[in-house]
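A.B. asks: Sequence:
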Amino acid sequence: MTKSAPRRILVTSALPYINGVKHLGNLAGSMLPADVYSRFQRLRGHDVLYICATDEHGTPAELAAQAANVPVRQYVDEQHEIQKKAGEDFLLSYDHFGRSCSDENAALTQHFAHVLEANGLIEERTMRQVYSVDDERFLPDRYVEGTCPHCEFEKARGDQCDNCGRLLDPVDLIDPYSAVSGSKNVEVRETRHLFLLQSQMQDRIRDWIEAATDWPPLARSIALKWLDEGLRDRAITRDLSWGVPVTNPDGSIREGFETKVFYVWFDAPIEYIAATEEWAKAKGEPEAWRRWWRTDEGAEEVDYVQFMGKDNVAFHTVGFPVTILGSQEPWKLVDRLKAFNWVTWYGGKFSTSNKRGVFMDQALDLLPADYWRWYLTANAPEGSDAAFTWEGFQSAVNSDLANVLGNFVNRITKYCASKFDGKVPEGGKAGEAESWMIAELETRLPQLVQHYENMDFRKAAAETRAIWAAGNEYLTKAEPWVKYKNDVDAAAVGVRAGLNLAALFGIIAQPIIPEAAAMILDALGVPEERRTLSEEAFADIPALLDALPRGHEISPPDVLFRKIEDEQVAEWTERFGGES
RNA sequence: GGUUCGGUAGCUCAGCUGGUUAGAGCGCACGACUCAUAAUCGUGAGGUCGGGAGUUCAAGUCUCCCCCGAACCA
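Counting in the numbering used here, the first sequence runs from -15 upward without gaps.
Honestly, the hints are just simulated from the structure, not real lab data. There are no misleading hints in this set.
Straight-line distance between alpha carbons at most 27 Å, and here's what the computed BS3-like set of lysine-lysine pairs gives:
1. Lys398 with Lys413
2. Lys403 with Lys413
3. Lys68 with Lys339
4. Lys339 with Lys69
Model the full structure from these sequences, guided by the hints.
C.D. replies: Printed below as a string of structure tokens:
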């Protein structure tokens, strides 16, 4: 048997913006699948580093702080803690949950800017931007509103007109006003900014993307589309106070940039690297991050997997790689990329600003994390947008978790407790029913592993469920309660296999529903070192049905999953406005 | 407007490079069982694979046109 060497796998999920607790759509489209994948690979025995962080810079953060009437720093501190807690409560197994406002990120962002400029990829240019006198600030495009020069729609945003759909330049708006304050006291001013000359990187990026043949179609097509349209040079600084200061290589503030910072678009992805530095420092090995990111220091052998919603694909396939490749330094680039569509909410989208949908903290007030994790994984928006419905959620929880898995564990452990003194029984010989079960596992377990490796999460969940369901079928075939009447040894085989199946079901459930899985495994007394999905663990499948030590004592767990009642669905539908 | 992705049983979805009677889960109907969270197991109900045309010995699976939906466009 070949024992494969542990791989080193770096996982990142798109950085949630600092502005408020994320909704279930955000969760399902990046953090959750990244977590499930990380857990799976750890259980395979690989060395996984899962990094995430809050994206804390930018105008929305400043304005939100202003609205809350607190200093920006305080606002982001508070919001970061809230999001960190929400992630922990959802059992997201980050190795580190960092912050893009860290010193590490500031230093690294400045470093990249210096290197890119030295390589001739950054230059200062003058641009014209709308300035709001009353707000005392330059307005980002979408914070300028006015009359569309094309269709005369009166509430066109500076970046695009919602009426005619045309892309706009905010300086072309008629009667512009500030969307921040409503003030019409705005004017166009000239301001100097750093531009990243993406156009010069066009060929390098195309070569790189065309070599990445195993990217999913969604990611590839988005990236190639951008390239086909031609990469544009882009301002990477903004007239703002909250962000990474623009410095010279010696650390002093760059002349003319005293009131400017880098644009979040530029510094946020760099935080993937910087957060790894934060992680390394926190664990007292300040250089440990380098072997994950520097290809000249060991990162060449790392598999780097990124998870994100489809809106982020362009930044990860084109924007960030321009920074990395343009630096001409040996940084790790993404190897595999998994993009998700949206979870929709009764015909529309989840929306943070409109408070549409269910948010992470609210969800956990209703039910434990595992319930949501299961539903959102089994119905992940992989192939297309996926509709969240309370009925679908109820059905997934009641049928898959309570009836198929929960009831299986319950029935076999209770029966063992009542007839075999709560001990894994001795005696008997495996027969036809066991052969059937083994054959099922021999085809299904490898498929399960393959689905995870392919990052097909819906299929992985479906296969997990099919294996659970096969356990119930097995018990029907083995029917120990019938055999018990005449042949206790024959019944013992079924109970023993059933208990071992329960253990196996807990083991394979761990990536998706870690809490319930742990309850099952604890109840059966499965030792930590056996809670693995490694190749060795699945090498001898017949042995899996007789793995628990005979005579070993088990205890039926408490109810693993409580069913969702129709009344609850009705109440939640009412409360969250689920019916449209 | 451009581009991309979808439109398959009541619902949610699988169906690589075209090839026997189009599949799964849920729901539904009927049956079985009783260890179990009225759980489980079995059987079934027969969907013009959005519409039209074409290529082919053969198309849900390729080509073209149309209709509907969604997303993206820095």
